[in-house]
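Participant: Spelled out from the first residue to the last, the chains are:
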Amino acid sequence: MEAHFWWVIGGVLFVLLNTAAGLIWLERRMLALWQDRYGPNRAGPLGLFIVLADTIKLFFKEDWIPPFSDKVVFVFAPAVVVASVLMSFAVIPFGPNILVADWNIGLLFFLAMSSLGVYSIVLGGWASNNKYALLGAMRGASQMISYEVFMGLALMGVVLLSGSFNLREIVEAQRGMWYIIPQFLGFVIFLIAGVAETHRLPFDIPEAESELVAGFHAEYSGMKFGMFFIGEYLGVTLVSSMIVTLYFGGWLGPAFLPGVIWFVIKTFVFISLFILLRASMPRPRYDQLMEYGWKVLFPLSLLNLLVTAAVKLILTDNLK
Amino acid sequence: MFSLLRSMWLVFLHMFHKRETYQYPEEKAPLPARWRGRIALTRDPDGGERCVGCYLCAAACPVDCISLQATEAPDGRRYPSFFRINFSRCIFCGFCEEACPTYAIQLLPDFEIAEYDRQNLVYEKEDLLINSQGKYPGYNYYRVAGMAIGGKDKGDAAKEEPPVDVKSLLP
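Residue numbers (UniProt numbering), protein chains in the order written: chain X, 1 to 320; chain B, 1 to 171.
Calculated from the structure, these hints are not laboratory results. Ideal placement from N, C-alpha and C gives every residue a C-beta, glycine not left out. Incorrect hints may appear among the rest.
[Claimed, not checked] Heads up, incomplete: computed chain X residues facing chain B, CB under 7 Å, no partners named: (1) Leu31; (2) Asp36; (3) Arg37; (4) Tyr38; (5) Phe109; (6) Ala279; (7) Ser280.
[As the list claims (entries may be wrong)] Restraint ranges, calculated between C-beta atoms of paired labels, are given here: (8) B:Pro25 with X:Ser164: 29 to 37 Å; (9) X:Phe49 with B:Pro30: 51 to 59 Å; (10) X:Leu46 with B:Pro30: 21 to 29 Å; (11) B:Arg6 with X:Leu313: 47 to 55 Å; (12) X:Leu46 with B:Lys18: 34 to 42 Å; (13) B:Arg6 with X:Leu13: 34 to 42 Å; (14) B:Val122 with X:Pro284: 48 to 56 Å; (15) X:Ile9 with B:Pro25: 54 to 62 Å; (16) B:Leu31 with X:Leu13: 46 to 54 Å; (17) B:Pro25 with X:Trp103: 31 to 39 Å; (18) X:Leu116 with B:Arg6: 36 to 44 Å; (19) X:Ile56 with B:Pro101: 38 to 46 Å; (20) X:Asp36 with B:Ser88: 29 to 37 Å; (21) B:Pro30 with X:Pro284: 35 to 43 Å.
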């Protein structure tokens, strides 16, 4: 048991970090595919070694800490995003037996950790002592906090149906029917909130390179920038695997493939969806983003919660 | 909302489109015949230099990348004693080609002239002269303009026509 546990932690970390790095390649290839280009295709087979080249480049770049910055916080901020996202992966069941922490508060832990990710943006932008970084950080904070609200509310529908915060039990509860069918509205809201949560395009308001240079990480270079970079791709992986776990039956699937493979396939479908979103969507204005969140998605998620609860009540009454 | 989904779908369909990229070093893009690339000095149909060292190209050049020295052959024919183009300065505007009265200087459809050493981008006359008539085959400036040699003025020889009087309006 103990040995198995460490193997799982090591394996999950290894796979995740490599996935996040590989997503650099995947994203560029996919974007190129959708823009009728090739993307990186020179280094190695299909250009795969671009990941290696990028990593080496990031490691050897000058790691510059601006003299006008708050140095301790400046160094601390990029670590927060990677750490918080990696912590969230602890509660995700990748397969029938591949789970780091089988906690009964798994979903709450995920929400808490993704909220902690805000700190990285706010601290990074604040410590940079740069007006663009500060603007990006402010935008990031308000965006993530407001989208967190109905992200949580959308998840409550799943919790109501499964009767558990434990992600393993949520997956088990989807044996009969994936929650995408009863919780379609919740899925849509969670997807949108997830995109905003990872501040990916089209909700990349904190970065918004055409308005804010690079937003909250404008002053970062070298591996510190790399941490934000990896954190973003880890976030994409995290939200994709959360969508799969909560709405698409996690590792459940026809038995001819092991559960882990099903999980990976489903996750990559959603990662590709994230990239497609980036390839096709314009960035909304900041006030549009806030309005959309609070005036459309927030009421919708409340409605979803109410209807789910009502249906659940009626059904349980009938069962008695 | 619908338009967003539609644009996502349309972008997704681009997966099945042909890619526009030319895989450059292996696959060359077709260059138009009038592409303004590497500059060359062409020769007339008899294999002689067309350049008469009039300095018009050097005067027209907006970045002053052409330098030459005209000199005269014993028969009175002018030619450049040296002709130098600094391609690290050249902007490939083609003004020299337009200014040239003898079609000597021409821009060719060739852009692959990159060098590791900047000094190698300075082309001397032997680098510039090509063994070709370029875009105007069969053109010889002196057959059109005539040439005065010792004892014979322009257009006086048996098979020559008198030169055109450019100041006259008559045909």
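Participant: Would you mind marking each hint as holding or not holding in the structure?
Facilitator: Evaluated hints:
1. Nearest Cβ of chain B to the Cβ of Leu31 of chain X: about 10 Å, over the 7 Å cut. The hint is violated.
2. Hint status for Asp36 of chain X relative to chain B: holds, with the closest Cβ pair at about 5 Å, below 7 Å.
3. Annotation: interface hint on Arg37 of chain X holds; nearest CB of chain B at approximately 5 Å, less than 7 Å.
4. Interface hint at Tyr38 of chain X: satisfied, since its Cβ lies 5 Å from the closest Cβ of chain B, which is below the 7 Å cut-off.
5. The interface hint given for Phe109 of chain X is broken, as the beta carbon of that residue sits about 32 Å from the closest beta carbon of chain B, more than 7 Å.
6. The closest approach between the C-beta of Ala279 of chain X and any C-beta of chain B is roughly 5 Å, which is under the 7 Å cut-off, so the hint is satisfied.
7. The beta carbon of Ser280 of chain X comes within 4 Å of a beta carbon in chain B, closer than 7 Å, and the hint placing it at the interface holds.
8. About 58 Å separates the C-beta atoms of Pro25 of chain B and Ser164 of chain X, a value inconsistent with the hinted range of 29 to 37 Å.
9. Between Phe49 of chain X and Pro30 of chain B the CB atoms are about 31 Å apart, so this pair departs from the stated range of 51 to 59 Å.
10. A hinted range of 21 to 29 Å holds for the C-beta pair Leu46 of chain X and Pro30 of chain B, which are about 27 Å apart.
11. For the hinted restraint 47 to 55 Å between Arg6 of chain B and Leu313 of chain X, the CB-CB distance of approximately 38 Å leaves it violated.
12. The beta-carbon spacing between Leu46 of chain X and Lys18 of chain B, approximately 18 Å, falls outside the hinted interval of 34 to 42 Å.
13. Here the CB-CB span from Arg6 of chain B to Leu13 of chain X is close to 40 Å, well matched to the stated 34 to 42 Å.
14. Between Val122 of chain B and Pro284 of chain X the Cβ separation comes to about 53 Å, which falls inside the hinted range of 48 to 56 Å.
15. Between Ile9 of chain X and Pro25 of chain B the Cβ separation comes to about 46 Å, which falls outside the hinted range of 54 to 62 Å.
16. The hinted range of 46 to 54 Å is satisfied by Leu31 of chain B and Leu13 of chain X, whose Cβ atoms lie roughly 52 Å apart.
17. As the Cβ distance of Pro25 of chain B to Trp103 of chain X is approximately 55 Å, the hint placing it in 31 to 39 Å is violated.
18. The hint said 36 to 44 Å for the Cβ distance between Leu116 of chain X and Arg6 of chain B, and at roughly 37 Å that hint holds.
19. Take Ile56 of chain X and Pro101 of chain B: their Cβ atoms lie about 56 Å apart, and the range 38 to 46 Å is violated.
20. Between Asp36 of chain X and Ser88 of chain B the beta carbon distance is about 34 Å. The supplied range of 29 to 37 Å therefore holds.
21. The beta-carbon spacing between Pro30 of chain B and Pro284 of chain X, approximately 42 Å, falls within the hinted interval of 35 to 43 Å.
In this structure, the hints that do not hold are numbers 1, 5, 8, 9, 11, 12, 15, 17 and 19, in rising order.
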